[in-house]
Amino acid sequence: MGVIVVADDDGDIRDLVTYRLERDGHDVVSVSDGNAAVKAVIEHRADLAVLDVMMPGLSGFEAARAIRAADGGPVGIILLTARAQEDDVELGYAAGVDDYVTKPFSPRELSFRVTALLARGQ
Amino acid sequence: MLLSGEWVVLLTQIVFVTSTLVILVCLLTLFGLRLSRGLIETRNQRSATEIRGVLLDHLLGDWMEAATATANLDRREGRDWERAEKELLTMVNKLRGESRDRAIDLLERRGAVDRAIDRLGSSRAVNRCRAAHTLGVLNARDHAHALTSLLHDPSPLVRRVAVRALGALGDPRTAPPVVAAGEADEQLRSDVAMALTRMGPGAVPHLSETLARTIATGRTNDTGAPLLAAVLGQIGDHRAVDVLCDAVASPDRDLRIAAARALGCLEDPRAVPVLTAALADADADQQVAVATALGRIGATDAIADLLRIVDHGDAASARSAADAVLRLGPEGRIALDASPSAHAVEALALATLREDR
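As given, the protein sequences belong to chains A and B, one line each in that order. Throughout, the working numbering is defined as the position within the first sequence, counted from one, plus 3. Throughout, the working numbering is defined as the position within the second sequence, counted from one, plus 868.
What the hints contain is simulated information worked out from the structure, not anything from laboratory work. All residues carry an ideal CB built from backbone N, CA and C; glycine is no exception. One thing to keep in mind: the hints can contain errors.
[Said to hold, decoys possible] Covered stretches of chain B, as calculated for chain A (at least 3 residues, CB under 8 Å): (1) 914-928; (2) 963-975.
[What the hints assert, rightly or not] The calculated DSS-like cross-link candidates involving lysine-lysine, where the alpha carbons are at most 27 Å apart (straight line), are: (3) A/Lys-106 with B/Lys-962; (4) A/Lys-42 with A/Lys-106; (5) A/Lys-42 with B/Lys-954.
Could you put together the complete structure from these sequences and hints?
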């Protein structure tokens, strides 16, 4: 179980992801923009961040880069995005993203991926 | 008897007392209104939070929680259910898998499709929009004909939502009316393109025929032919190669570019001769599209023609042609090495950087 930051400007997505991950026993911090996501990851020493790409402030790519640049512990990053063209995926991995989940999303699939990523980090 | 001065004082006092009372009544009314509005807002907010919790249990809870939530939702009627239905409809589009199935089951069981069909005839455009959106979300394929009738709606917004809903149904049999809607209304074309792409290979015969007909009649620009070419590329069905090759030779510049890009998406070697010939066109945007397509197809036969663009084309064309040659494997790399062009050197250097990383 870990501390997870969920960042999405869509309240429905935040609620759905938070509900599912809390059900799995994680502590979830939910925010609505990229800057708040970076701040929350550092402040809460998060184990993982689930980031939307198109957010106010920093985009998901920029937030991922900022999280990687911050001198914290190892953080897993999953992008939850409707933008899953090859170019976007390449951009995401270049920014230090570990995994992609495409919208519309399956909460169960997200849960499996989060579990797998956290297990890899331990 | 009162003296005139005393009358004035009395009148002033009456006016003062009356106006104070009026102001007090107004203030009290305002306070009351604000209080009741606050109470209503608080109640609505509490109700929304409560509904949200029940919906999340229904969509994501374990079987016990889901069953309790379903029973709770089944008891709701009137405005209470309408609010839940509205929230559920916004959430459905964001979900896949089991949670989405649960939402759709509930909406169908509670008669959302029948209500949407009734609302299609509403005099209010907003109701017709909601109805079309609901039919799309619930994938009500049996009612596709009802949605196609909305393509002639007087409201542009309703027409747009109907096109999107038809795209969500993805039924290729509705391609002809959707194409016609795009031909008639330029504002609808990007939605039409998305809807047709979602219809997939089943729509290809109709799209190819329509494109061939517009090329033959020469009415390519005012009918959205470039968009049709782009859709054919996105769908990626090789049956479209012939008509796209014809389109590359069209007098319409936008269509030529869109068709070249589409052929690049198809990556079909049959397009190589037509594309190689199209490289001779002096239009820089077309050269970029054609060179990129040749690179994606892997057209090693076109190396010499591409190198001519690398060496003599304008900056954008030369860069695209160099990238294309680079995609053609060792043969392309050797050819670029021999080129004196700065664009060839740049492409090779960038490739080396990428490989090192």
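Discussion item. Check the hint pairing A/Lys-106 with B/Lys-962 against an upper bound of 27 Å on the C-alpha distance.
Written reply: Cα-Cα ~6 Å, so holds.
Fill in: Outcome, coverage of the stretch 963-975 of chain B by chain A - at least 3 residues whose beta-carbon is closer than 8 Å to one in that chain
holds (count 6)
Worksheet item: If you draw a straight line from the CA of A/Lys-42 to the CA of A/Lys-106, is it 27 Å or shorter?
Response: holds, 25 Å
Worksheet item: Quick one, are A/Lys-42 and B/Lys-954 close enough, alpha carbons at most 27 Å?
Response: violated, 34 Å
Practice prompt. Closer than 8 Å, Cβ to Cβ, for at least three residues: run that test on the stretch 914-928 of chain B against chain A and report holds or violated.
Written response: With 4 residues close enough to chain A, the hint holds.
In this structure, only the earlier hint numbered 5 is contradicted, and the remaining ones agree with it.
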